[in-house]
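Trainee: Quick mapping for you: the protein sequence lines, in order, are chains A and B.
Residues in the first sequence are numbered from 1 upward in steps of one, following the numbering used here.
Residues in the second sequence are numbered from 1 upward in steps of one, following the numbering used here.
Hints may be right or wrong, so weigh each one.
With beta-carbon atoms standing in for the labels, derived distance ranges [what the hints assert, rightly or not]: (1) Leu-68/B - Asp-67/A: 19 to 29 Å; (2) Arg-16/A - Phe-39/B: 44 to 54 Å; (3) Gln-45/A - Gln-42/B: 11 to 21 Å; (4) Ala-110/A - Thr-82/B: 16 to 26 Å; (5) Gln-42/B - Thr-26/A: 15 to 25 Å; (6) Thr-72/A - His-85/B: 27 to 37 Å; (7) Ala-13/A - Lys-64/B: 27 to 37 Å; (8) Ala-13/A - Gly-61/B: 21 to 31 Å; (9) Glu-63/B - Asn-54/A: 26 to 36 Å; (10) Ala-110/A - Asp-27/B: 32 to 42 Å; (11) Pro-7/A - Asp-65/B: 39 to 49 Å; (12) Pro-21/A - Lys-20/B: 37 to 47 Å.
Since the hints were made in silico from the structure, they are not lab data.
Remember, predicted model here, so these are calculated numbers, not experimental data.
The C-beta atom is built at its ideal place from N, Cα and C for all residues, glycine as well.
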Amino acid sequence: DAKTTQPPSMDCAEGRAANLPCNHSTISGNEYVYWYRQIHSQGPQYIIHGLKNNETNEMASLIITEDRKSSTLILPHATLRDTAVYYCIVRTGNAGNNRKLIWGLGTSLAVNP
Amino acid sequence: GAVVSQHPSWVICKSGTSVKIECRSLDFQATTMFWYRQFPKQSLMLMATSNEGSKATYEQGVEKDKFLINHASLTLSTLTVTSAHPEDSSFYICSAQGAGTNTGELFFGEGSRLTVL
């Protein structure tokens with residue numbers, strides 16, 4: 001499984017966009033990029049995922065570079081409730097239904113008032 | 001999105017006792033559930049993969065006789081920490097994957113914090 005690299009921490013002002021980078025230089029062609037976040041003492045929450053194209057949903061936007069070696073999660077208007085650890089994960093292939101996600105330490109995002 | 005519920009959300013027990021944690025998929029059928037353990041300021045570590053109606057697959061270093069996993073139905077998996085000791089104190093999280101999902105996301109429970117005295 002491909003590994004990811006994220007900065008350990010970031011700060012963002014409330015109301016501003018938060019741009020969280022992720023490197024996944026060894027990603028293979030059939031692997032997706034997933035983003036989750038974990039608020040303190042809670043289970044991870046799914047945010048968004050993508051393969052090649054940029055994606056947007058009600059929570060965030062995902063920008064994937066053309067070579068797919070890196071991506072950026074964008075929270076367009078960060079709020080205090082967005083303070084969490086954000087995990088960028090590359091998911092394994094489609095064989096069977098047993099998919100295991102490899103978790104790193106993620107990026108601890110602090111949204112400041 | 002789909003809902004996965006864990007119970008209890010927190011539990012305190014005495015050393016040597018056993019603790020059962022339930023993971024339920026509330027609005028979908030989960031053929032596969034995953035159990036993780038997370039120590040403070042660390043990432044999630046996969047403990048085992050649980051498939052409905054079959055034995056769980058444990059990760060290297062996880063004792064199957066200590067962490068008993070049962071996935072008896074498509075909506076329920078349980079993790080039992082047997083003869084718990086203080087070093088088993090951790091945050092235990094389950095995730096569920098629905099039947100037939102192709103590229104869909106995993107859904108996580110709220111987590112269960114175990115403190116062994």
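Trainee: Now, for every hint given, state plainly whether the structure supports it.
Mentor: Hints versus structure:
1. Range check, Leu-68/B to Asp-67/A: Cβ separation about 45 Å, and the 19 to 29 Å hint is violated.
2. In this structure the supplied range 44 to 54 Å is violated for Arg-16/A paired with Phe-39/B, their Cβ-Cβ distance being about 32 Å.
3. A hinted range of 11 to 21 Å for the beta carbons of Gln-45/A and Gln-42/B is consistent with their spacing of about 18 Å.
4. In this structure, Ala-110/A and Thr-82/B break the distance hint of 16 to 26 Å, their C-beta atoms being roughly 39 Å apart.
5. Taking 15 to 25 Å as the suggested C-beta distance range, the pair Gln-42/B and Thr-26/A conforms, at roughly 23 Å.
6. Roughly 43 Å separates the CB atoms of Thr-72/A and His-85/B, a value that falls outside the hinted 27 to 37 Å.
7. Ala-13/A and Lys-64/B have their C-beta atoms about 48 Å apart, which leaves the hinted 27 to 37 Å range violated.
8. A hinted range of 21 to 31 Å is violated for the C-beta pair Ala-13/A and Gly-61/B, which are about 42 Å apart.
9. Judged by the Cβ atoms, the range 26 to 36 Å given for Glu-63/B and Asn-54/A is violated: they are separated by roughly 44 Å.
10. Look at Ala-110/A against Asp-27/B: about 33 Å separates their beta carbons, and that is inside 32 to 42 Å.
11. Judged by the Cβ atoms, the range 39 to 49 Å given for Pro-7/A and Asp-65/B holds: they are separated by roughly 40 Å.
12. Between Pro-21/A and Lys-20/B the beta carbons are some 41 Å apart, a value that agrees with the proposed interval 37 to 47 Å.
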